Amino acid sequence: MINAALHALSDPTRRAILARLALGEATVGDLAQPFAMSQPAISQHLKVLEGAGLILRRVEGTKRPCRLAPQGLADLEDWLAQLRRAFETNYARLDDLLTELDKETPK
Amino acid sequence: MTRRPRNDPLTLQSDGETQTVITRQFAARPELVWRSHTEPALLQRWCLGPDGWTMPVCICEPRPDGRLRHEWAKDGRGFYISGEFIALSPVSRIEHVERMHLPDPTPDNHVVTEFIPHNGGTRMAMTLPDSATRQAMLASGMADGMEIGYQRQESMMETV
Chain A
2 MINAALHALS
12 DPTRRAILAR
22 LALGEATVGD
32 LAQPFAMSQP
42 AISQHLKVLE
52 GAGLILRRVE
62 GTKRPCRLAP
72 QGLADLEDWL
82 AQLRRAFETN
92 YARLDDLLTE
102 LDKETPK
Chain B
7 MTRRPRNDPL
17 TLQSDGETQT
27 VITRQFAARP
37 ELVWRSHTEP
47 ALLQRWCLGP
57 DGWTMPVCIC
67 EPRPDGRLRH
77 EWAKDGRGFY
87 ISGEFIALSP
97 VSRIEHVERM
107 HLPDPTPDNH
117 VVTEFIPHNG
127 GTRMAMTLPD
137 SATRQAMLAS
147 GMADGMEIGY
157 QRQESMMETV
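Chains as they are written, first to last, in our numbering: chain A, 2 to 108; chain B, 7 to 166.
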């Protein structure tokens, strides 16, 4: 699911759609207009975002308004935080090693 | 007032559509940061990820076409990266390709690492493709002992 989310976010249009949805619920028609894209093209992007767990859709008559799925983005943030921790752990160890090297290496 | 050399937290940012840049300030001078990135015996002391992991095998031949191989292990589990150096400018720039084996190899990632003298220390900037970031995320998840089976890792890798 994380990877599906990362894949979904790799596309600039889909990121822009998420940014728009951060402002509130929108229909395919709402989204198609500012992006100058056809509704089927937008629908395709929404399908990817929905499959990645990043958006939720509900049925309202013939429309299917979408909104952000809070948990989808939270999962992604957890993973990013984890990656950052892995790097930080490495570099904290490297700081100690460099201090040691600095003492034993003439400038 | 002059600033004392110090270590600053890393930044991790996506640079445009396809690249991630990781930066980190070290108090040490570039010569030492370079050595710690190119000498196997030094790499084996810090490039280990979460606590508990070791790097039993480290090959690092810092010259054009030189080989690169880091093997990590913990509790009988493990994974490795292999790669080749493309160009090096001691003590300021390393360009190489690498791939991660989890155990199937990922596509090649092209990575540029720069060490720039800054504030009496060294500013490191590592530019890597976003796909490499995703792989590192998968690997760090695995290294952290998250409940992810190989099966799931593999299915996730397919779309990386």
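Since the hints were made in silico from the structure, they are not lab data. If you're wondering where the values come from, they're calculated on a predicted model, not measured in any experiment. No residue lacks a Cβ here, since even glycine has one placed at the ideal position from N, Cα and C. One or more hints might be untrue.
Said to hold, decoys possible - To give a feel for the contact side, a few chain B residues facing chain A, derived at Cβ under 7 Å: (1) ARG12; (2) ASN13; (3) LEU16; (4) ALA34; (5) CYS53.
Stated by the list, open to error - Chain B stretches covered by chain A per the calculated footprint, using a threshold of three residues with CB under 8 Å from any CB of chain A: (6) 55 to 67; (7) 73 to 83; (8) 92 to 99.
Going by Cβ atoms only, is ARG12 (chain B) closer than 7 Å to chain A?
Given a least distance of 10 Å, the restraint on ARG12 (chain B) is violated.
Just to be careful: measuring from the Cβ of LEU16 (chain B) to every Cβ in chain A, is the smallest value less than 7 Å?
holds, 6 Å
Do three or more residues from the region 55 to 67 of chain B put their C-beta atoms closer than 8 Å to C-beta atoms of chain A?
Coverage by chain A holds for the region 55 to 67 of chain B (3 residues, Cβ < 8 Å).
Confirm or reject the coverage of the region 73 to 83 of chain B by chain A under the rule of 3 or more residues with a beta carbon closer than 8 Å to the chain's beta carbons.
Check failed, 0 qualifying residues.
Grab the minimum C-beta distance from ALA34 (chain B) to chain A and call the hint holds if it beats 7 Å, violated otherwise.
Hint holds; ALA34 (chain B) Cβ to chain A Cβ min 4 Å, cut 7 Å.
Mind taking a look at whether chain A covers the region 92 to 99 of chain B? Criterion is 3 or more residues with CB to CB distance under 8 Å.
violated (count 0)
Under 7 Å, Cβ to Cβ, is where CYS53 (chain B) needs to be relative to chain A, so tell me if that hint holds or is violated.
holds, 6 Å
Once the shortest beta carbon distance from ASN13 (chain B) to chain A is found, is it less than 7 Å?
holds, 5 Å
When the structure is compared with the earlier hints, violations turn up for hints 1, 7, 8 and for no others.
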